[in-house]
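Undergrad: Start from the sequences, fold in the hints, and give me the full structure.
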Amino acid sequence: MSAHAAVFWLFAAITVGSAAVVVLAKSLIQSAFALLFTFFGVAGLYVLLGADFLAATQLLVYVGGILVLLLFGVMLTHKLYDLDLKSEMTRLLPAAIAALTLFFVLVRLAFGTRWASGPGRPLAPTTAAIGEAFLGSHLLPFEVASVLLLVALIGAAMIVRRRKDA
Amino acid sequence: MITLQHYLVVSAALFCLGILGVLTRRNAVHVLMGIELILNSANINLVAFSRFGRGDLGGQLFAVFVIVIAAAEVAVALAIVLTLYRLKRTPNLDEADILRG
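Chains as they are written, first to last, in our numbering: chain A, 46 to 211; chain B, 923 to 1023.
These aren't lab readings, by the way, just hints derived from the structure by calculation.
C-beta: ideal position from N, C-alpha, C; glycine also.
Mixed in with the good hints, there may be bad ones.
Simulated coverage check for chain B against chain A, where a stretch passes if three residues somewhere in it have a Cβ under 8 Å from a Cβ of chain A [what the hints assert, rightly or not]:
no.	region
1	923–933
2	936–943
3	957–970
4	977–991
5	999–1013
TA: Right, dumping it as C-alpha cells:
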C-alpha cells in the first residue's frame, strides 16, 4: 500500500467516522465538535485530489464560519443551565433502512457505471487558474454569487430583527 | 491505487449519514448539520470528477459555488431557527406547526 493510499484511507476514516458521530451522538455539542473533524477530513481529501485552493477555502469557510455559526445556533437555542443539550431522535429504524438502501444503490451505481474517463488533472497549483476563471469565463456566476451573499446577509438580519409590534 | 470509485464511496457514505441525520433528528440545528454533511458529500464528488475526468477546473469551480451557497443557507436557516425559538421557546421542529390549518 503506497503512502498516498494510506493517507487516503486515514482521511476517509476520519471523515466517515466523525460524520457518524455527528449523526448518532446524544449531545449537540458532541455533534458540533465531530463536525469539525468531518470538515478537516474533507479538506484532506481535497488536498489528495489536487484541489489546494478548495482545501484552504473549506477550512476558512466551513471551520471558521459555518461551524462557529452552528455553535452560536446551539448556544442561542438552549437554556444555558441545560448543560447536556440532549437532542432527541425519532423514527431511527425506518430512516436507517432508507439510508442503507440508498447507500447500496449509490455504491452499485459508482461501480456499475462506465464513467467517461479522461486524462485527469495533474497535481498542480489551482489558485491562479481558479482566480482567472472567476474573473474571466465564469464572471457572471461569480457576480451572481456575490449578490446572493449580500441578499442572504440582509435577509438574515431582517428575519431576526425584533419588530416593534411584536 | 486510489481510483474515482474510492472517492465516490466515501461521498456516498457521507451523503447517507447526512440523510439519516436529517430524517431522524428533531432539533433544528442538528438537521442543519445533516444538510452540511450532504453538501460536503456533493463537493467531494464534484472535485473527484474534476480530478479523474477531463482534467479541467469545472468541478472545482462548482464546488466553490456550493460552499458559497452553503454559507448563505446556514445564515438564513439560523435566522429562521432563532426566530422560531423566540416564538416557541424550543428548537424542536415537530412543534413548528403554526402554519397548519
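Undergrad: Against each hint, give a clear statement of whether it holds in the structure.
TA: Quick rundown of the hints versus the structure:
Coverage of the region 923–933 of chain B by chain A holds in this model, with 9 residues showing a Cβ closer than 8 Å to a Cβ of that chain against a need of three. With 8 residues having a beta carbon nearer than 8 Å to a beta carbon of chain A, the region 936–943 of chain B meets the requirement of three or more and the stated coverage holds. Coverage of the region 957–970 of chain B by chain A holds [criterion: at least 3 residues with CB-CB distance below 8 Å; count 7]. Evaluation of the coverage hint for the region 977–991 of chain B: fulfilled, as 11 residues show C-beta separations to chain A shorter than 8 Å, against a requirement of three.
Given as covered by chain A, the region 999–1013 of chain B passes the check, having 8 residues with a CB less than 8 Å from a CB of that chain where 3 are the minimum.
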